[in-house]
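A.B. asks: Let the sequences and hints guide you as you build the complete structure.
Under my numbering, read the sequence shown as residues 3 to 233, first letter to last.
Just so you know, the hints here were simulated from the structure itself, not pulled from any lab data.
Beta carbons: idealized from backbone N, C-alpha and C, even for Gly.
Misleading hints may appear alongside valid ones.
[Unchecked claim] In silico DSBU-like pairs for lysine-lysine, Cα to Cα no more than 35 Å straight-line:
hint, residue 1, residue 2
1, 50, 69
2, 5, 56
3, 105, 229
4, 226, 105
5, 128, 226
6, 56, 69
7, 105, 204
8, 69, 204
9, 200, 216
10, 50, 79
11, 226, 188
12, 5, 200
13, 128, 97
14, 128, 191
15, 229, 188
16, 226, 216
17, 188, 56
18, 128, 56
19, 97, 69
20, 204, 229
[What the hints assert, rightly or not] So the derived label-pair ranges between C-beta atoms look like this:
hint, residue 1, residue 2, range
21, 15, 72, 30 to 40 Å
22, 54, 79, 18 to 28 Å
23, 33, 231, 36 to 46 Å
24, 233, 58, 15 to 25 Å
25, 104, 33, 22 to 32 Å
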Amino acid sequence: MVKKQIYSIVNYNEAVQTMDAGADHIGLVPMQTGGIPAHRVPFDVVDKIYAECKRRGVKSIAIMLNKDVEEMFFIIKRVNPDIVHIAGMDYTADKSFADRLRKECPGVELMQAVLVDDESAIERAKGYAEYCDYLLTDSGLAKDTGIGASGQTHDWNIDRTIVETVNIPVIIAGGLGPDNVEDCIKQIKPFGVDSLTKTSYKFEDGVTEKNIPKVREFCERADKAAKEIGL
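C.D. replies: This is the structure in structure tokens:
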């Protein structure tokens with residue numbers, strides 16, 4: 003089985019619909035100083051979504067898009083996600099962050115975004131894998147967001163090398179949708195696949211909303227490809 007990870011959840015109803023559509027991981031941006039204001043989710047809503055994730059056995063992910071470590075730890079302790087994803091442009095988790103996370107927030111796993119811009123991403127991924135629990139490979143630097151959210155794909159040959167090289171789970175992101183998720187899985191054989199842009203509606207005011215039929219199709223096609231190659 004390949005895990006299906008769906009990002010940019012902003013309210014409880016779409017979180018439930020996304021899980022009903024087949025998502026194994028749910029990602030959102032808890033209220034913080036980084037990222038786009040329209041994407042930030044109030045803590046009381048995060049609590050409700052994460053409680054439903056726990057009830058269903060779906061992994062809850064808190065996406066960090068700021069560079070204030072103390073703020074990050076305040077948020078992590080407040081919302082208690084299954085996974086914290088460090089994705090901001092100005093901060094990368096290091097071993098000291100990982101050690102502190104395990105000491106102060108036992109049970110919370112660490113995912114670090116890896117910008118796949120060229121083959122140098124392989125060495126960076128190997129370094130992160132020494133202290134992270136997951137890697138997420140992604141494309142580009144989106145304005146006001148961080149690594150990812152560009153809607154663009156990148157060189158999957160690099161991702162495949164990372165998957166074959168590191169000894170922790172790798173989730174592939176970057177322009178994935180129902181149209182290409184099967185090819186991605188068959189070429190890379192990853193632990194998981196992630197979708198944001200191609201499974202969302204984006205409005206002029208910056209607000210996003212999950213396109214549930216696209217989420218369902220993405221999950222179904224991912225499951226189909228994984229089954230065909232025996233993952």
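A.B. asks: Taking the hints in turn, state whether each one holds.
C.D. replies: Checked hints:
With a CA separation close to 26 Å, the supplied pair residue 50 and residue 69 stays within the 35 Å bound. Between residue 5 and residue 56 the alpha-carbon distance is near 16 Å, which keeps this suggested pair within the 35 Å criterion. Note on residue 105 and residue 229: the hinted pairing is violated, with a Cα-Cα distance of about 38 Å set against a maximum of 35 Å. For the proposed pair residue 226 and residue 105, the alpha carbon gap of about 39 Å is over 35 Å, so the pair is violated.
Of the pairs offered as hints, the one joining residue 128 and residue 226 holds, with about 30 Å between alpha carbons and a cut-off of 35 Å not exceeded. Distance hint between residue 56 and residue 69 is fulfilled; the C-alpha atoms sit about 28 Å from each other, no more than 35 Å. Between residue 105 and residue 204 the CA atoms are separated by roughly 38 Å; this puts the pair beyond 35 Å, and the hint is violated. Between residue 69 and residue 204, the direct Cα distance comes to roughly 26 Å. Compliance with the 35 Å bound is thereby established for this hinted pair.
Straight-line distance between C-alpha atoms of residue 200 and residue 216 comes to about 8 Å, which keeps the hinted pair within the 35 Å bound. Proximity of residue 50 to residue 79 is assessed by CA-CA distance (about 16 Å); at most 35 Å being required, the pair is judged to hold. Distance hint between residue 226 and residue 188 is fulfilled; the C-alpha atoms sit about 10 Å from each other, no more than 35 Å. For the hint linking residue 5 to residue 200, the alpha-carbon distance of about 17 Å falls within 35 Å, and the restraint holds.
Using a Cα cut-off of 35 Å, the hinted pair residue 128 and residue 97 holds, with the two alpha carbons roughly 13 Å apart. Taking the CA atoms of residue 128 and residue 191, the gap is near 18 Å; set against the 35 Å cutoff, the hint holds. As the CA atoms of residue 229 and residue 188 are separated by approximately 10 Å, the hinted pair is consistent with the 35 Å bound. For the hint pairing residue 226 with residue 216, the CA-to-CA distance comes to about 15 Å; that is within 35 Å, so the pair holds.
For the given pair, residue 188 sits about 30 Å from residue 56 by alpha-carbon distance, which is consistent with the 35 Å threshold. Proposed proximity of residue 128 and residue 56 is supported: the alpha carbons are some 31 Å apart, at most 35 Å. In summary, the hint linking residue 97 to residue 69 is supported, as the alpha carbons are separated by about 16 Å, within the 35 Å threshold. Of the pairs offered as hints, the one joining residue 204 and residue 229 holds, with about 32 Å between alpha carbons and a cut-off of 35 Å not exceeded.
At roughly 33 Å, the beta carbons of residue 15 and residue 72 sit within the given window of 30 to 40 Å. Take residue 54 and residue 79: their Cβ atoms lie about 20 Å apart, and the range 18 to 28 Å holds. Taking the beta carbon of each, residue 33 and residue 231 are about 40 Å apart, inside 36 to 46 Å as hinted. At about 22 Å, the beta-carbon gap between residue 233 and residue 58 stays in the expected band of 15 to 25 Å.
At about 24 Å, the CB distance of residue 104 to residue 33 agrees with the hint of 22 to 32 Å.
Checked against the numbered hints above, the structure violates hints 3, 4, 7; every other hint is satisfied.
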